[in-house]
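*Asks:* Put chain B on the given structure of chain A with help from the hints.
Those sequence lines, one after another, are chains A and B. Per this note's numbering, the first sequence starts with residue 34, numbered consecutively. Per this note's numbering, the second sequence starts with residue 34, numbered consecutively.
Don't read these hints as lab results, they were simulated from the structure. Just so you know, not all the hints are guaranteed correct.
Pairs involving identical chains hold if they fit within one copy or between any two copies, as the list cannot separate such chains.
[Unchecked claim] Capping the alpha-carbon separation at 20 Å, the derived lysine to aspartate or glutamate pairs in EDC-like fashion look like this:
1) K37 / E165
2) K88 / E243
3) K163 / E300
4) K166 / E142
5) K272 / D210
6) K272 / E209
7) K155 / E78
8) K166 / E152
9) K249 / D260
10) K233 / E193
11) K263 / E70
12) K233 / E275
13) K249 / D210
14) K63 / D109
15) K63 / E142
16) K163 / D211
17) K202 / E78
18) K263 / D109
19) K233 / E243
20) K233 / D260
21) K127 / E243
22) K155 / D211
23) K272 / D260
24) K166 / E78
25) K163 / D140
26) K249 / D109
Bear in mind the structure is a predicted one, so any value in this text is a computation, not a measurement.
2 protein chains.
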Amino acid sequence: MAPKTLAVPAGTRIAFQGELGAFSQHAGQKIFGSRMEPLACVGFEDVFNAVARKKAVCAVIPIENTLAGSIHQNFDLLARHSLEIVAETSLRVKHNLIAHPGVTLPDIEQIYSHPVALEQCKGLLSRLKKVEKIAFYDTAGSVKFIRERNLRNAAAIASEDAARVYRMKIVRGGIEDDPENYTRFFALARRGSFTRGGRKTTIVFGLNNEPGILFKALSVFALRNIDLTKIESRPIRGKPWEYLFYLDLQSDIRSPECLNALRHLRELAPYCKVLGSYPVF
Amino acid sequence: MAPKTLAVPAGTRIAFQGELGAFSQHAGQKIFGSRMEPLACVGFEDVFNAVARKKAVCAVIPIENTLAGSIHQNFDLLARHSLEIVAETSLRVKHNLIAHPGVTLPDIEQIYSHPVALEQCKGLLSRLKKVEKIAFYDTAGSVKFIRERNLRNAAAIASEDAARVYRMKIVRGGIEDDPENYTRFFALARRGSFTRGGRKTTIVFGLNNEPGILFKALSVFALRNIDLTKIESRPIRGKPWEYLFYLDLQSDIRSPECLNALRHLRELAPYCKVLGSYPVF
Chain A
34 MAPKTLAVPA GTRIAFQGEL GAFSQHAGQK IFGSRMEPLA CVGFEDVFNA VARKKAVCAV
94 IPIENTLAGS IHQNFDLLAR HSLEIVAETS LRVKHNLIAH PGVTLPDIEQ IYSHPVALEQ
154 CKGLLSRLKK VEKIAFYDTA GSVKFIRERN LRNAAAIASE DAARVYRMKI VRGGIEDDPE
214 NYTRFFALAR RGSFTRGGRK TTIVFGLNNE PGILFKALSV FALRNIDLTK IESRPIRGKP
274 WEYLFYLDLQ SDIRSPECLN ALRHLRELAP YCKVLGSYPV F
Chain B
34 MAPKTLAVPA GTRIAFQGEL GAFSQHAGQK IFGSRMEPLA CVGFEDVFNA VARKKAVCAV
94 IPIENTLAGS IHQNFDLLAR HSLEIVAETS LRVKHNLIAH PGVTLPDIEQ IYSHPVALEQ
154 CKGLLSRLKK VEKIAFYDTA GSVKFIRERN LRNAAAIASE DAARVYRMKI VRGGIEDDPE
214 NYTRFFALAR RGSFTRGGRK TTIVFGLNNE PGILFKALSV FALRNIDLTK IESRPIRGKP
274 WEYLFYLDLQ SDIRSPECLN ALRHLRELAP YCKVLGSYPV F
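Extracted from the complex, chain A is given alone in its bound form (with noise of 0.2 Å):
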């Protein structure tokens, strides 16, 4: 049987970004169990750094949402570092209205979130038409600060574990408009840390510009029936109009038709780089 979290020591550093209650947290528990130690870091750049940096035994970033679309950002940053994917989860994302015990909806003048969480609560947010709305750089963030400020005519939208961190109370859960809100997140450590392989393979290359590049590249999969699951094209910096395309992969790349199906995509990319091959939780 598969186990059921990544086995890391208890105490290991988890970088991740945002405040403590992100819901990359809760996804770094979900692959590497409750007893990681979670680093808070404020930007993606700095999460990346701090495993590159060996502050950081690993980091969890979000690579996908179902409603909002891919992160480009750390799409972009995965090519840019070396770290490697080393394990794959997705979370239900649930936001709730969140604000100090005592304060009611009636109550509240303004609402602070991430603004994708407050584009995913428009319904809600669209009849509370007084409240002023105030794009924030992080859900969980969006809490400690009307705790910290002491901000009774606020209320933030974030996850359960944001309440719970700072003692908040939940004035009312479940707020997102679409329930079919889900997010992929990606574990992270610097190259040769974990044993590589697993149920899922993340690639990254360039093409030359030329007719049928794409398909060609793309039939070294389909002529060994390795079924991609996301493909996602990245602007290559100072070559305007040409783009990296990542792909995930059903494939573990101990196996033999994943080793051939790359091989053969050598011929074709004159770049190509494996992200990873990696467990999914």
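*Replies:* Chain B in isolation, oriented as in the chain A frame:
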């Protein structure tokens, strides 16, 4: 010889996002000529609605930047609305530090602009250590803001057009870090307003979740030597981990090979919509 602009009567109203002097307005003049009448809108959704509700004849929207990547909201709006792409153009994006006449670099304590523009001028901004960077909803709008409030300790980052429109001064020109900074724009109109056809065709389609299906979908173009210039994927609401694919084809929809390829694609794709076939200016 191909015409230099899309023929519209003088005074034809063209909607765009942002304030007068925005890059989109400049792109509109490249497509429709200088006698168009600009209609400034607050958000991209407003731009689409302006054309759908006949407040404007056409719209101009940015779709992709060579550094920041796709403007995903506009891909989503193209699929949801029933407007048609009638032309494409691209502009080199040149950012300028703009302030009131008489203001010099040492006077500046705050710099306002759109977050993408602030990001693209990080080199200069990181050297101006004591200057506060303030994210604003629009580049040209930030020039308007510092003019209207008469802020003499502030500057904005925007186009030369924006400096001219608001009679402000360029303190420093061409401040972007990377000169390979281009934005691609689409002109949109209600379906049937213009004759369909031109050098490029853009489509959106959805596929059933089965192994190798994207490869099969791309084969309909490769088999007919139709070149793809861009592929973009976006999540489908309510169907976690399923995607819509947007393709730009180097092909005219009036050609037999393009029509045959699209007929072939419809055999594979339960959903397929032609977003436009259009000239490039």
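*Asks:* The structure should be examined with respect to each hint, and the outcome stated for every one.
*Replies:* Structure-based check of each hint:
no.: 1; hint: K37 / E165; in the structure: neither (43 Å within a copy, 47 Å between copies)
no.: 2; hint: K88 / E243; in the structure: neither (43 Å within a copy, 42 Å between copies)
no.: 3; hint: K163 / E300; in the structure: neither (60 Å within a copy, 50 Å between copies)
no.: 4; hint: K166 / E142; in the structure: within (9 Å within a copy, 27 Å between copies)
no.: 5; hint: K272 / D210; in the structure: between (39 Å within a copy, 15 Å between copies)
no.: 6; hint: K272 / E209; in the structure: between (39 Å within a copy, 16 Å between copies)
no.: 7; hint: K155 / E78; in the structure: between (29 Å within a copy, 15 Å between copies)
no.: 8; hint: K166 / E152; in the structure: within (10 Å within a copy, 24 Å between copies)
no.: 9; hint: K249 / D260; in the structure: both (15 Å within a copy, 12 Å between copies)
no.: 10; hint: K233 / E193; in the structure: neither (30 Å within a copy, 49 Å between copies)
no.: 11; hint: K263 / E70; in the structure: neither (31 Å within a copy, 42 Å between copies)
no.: 12; hint: K233 / E275; in the structure: between (26 Å within a copy, 17 Å between copies)
no.: 13; hint: K249 / D210; in the structure: neither (41 Å within a copy, 35 Å between copies)
no.: 14; hint: K63 / D109; in the structure: neither (25 Å within a copy, 32 Å between copies)
no.: 15; hint: K63 / E142; in the structure: neither (35 Å within a copy, 45 Å between copies)
no.: 16; hint: K163 / D211; in the structure: neither (23 Å within a copy, 43 Å between copies)
no.: 17; hint: K202 / E78; in the structure: neither (32 Å within a copy, 35 Å between copies)
no.: 18; hint: K263 / D109; in the structure: both (16 Å within a copy, 18 Å between copies)
no.: 19; hint: K233 / E243; in the structure: between (29 Å within a copy, 16 Å between copies)
no.: 20; hint: K233 / D260; in the structure: within (10 Å within a copy, 30 Å between copies)
no.: 21; hint: K127 / E243; in the structure: neither (45 Å within a copy, 30 Å between copies)
no.: 22; hint: K155 / D211; in the structure: within (10 Å within a copy, 36 Å between copies)
no.: 23; hint: K272 / D260; in the structure: between (30 Å within a copy, 18 Å between copies)
no.: 24; hint: K166 / E78; in the structure: between (27 Å within a copy, 19 Å between copies)
no.: 25; hint: K163 / D140; in the structure: within (11 Å within a copy, 38 Å between copies)
no.: 26; hint: K249 / D109; in the structure: neither (24 Å within a copy, 28 Å between copies)
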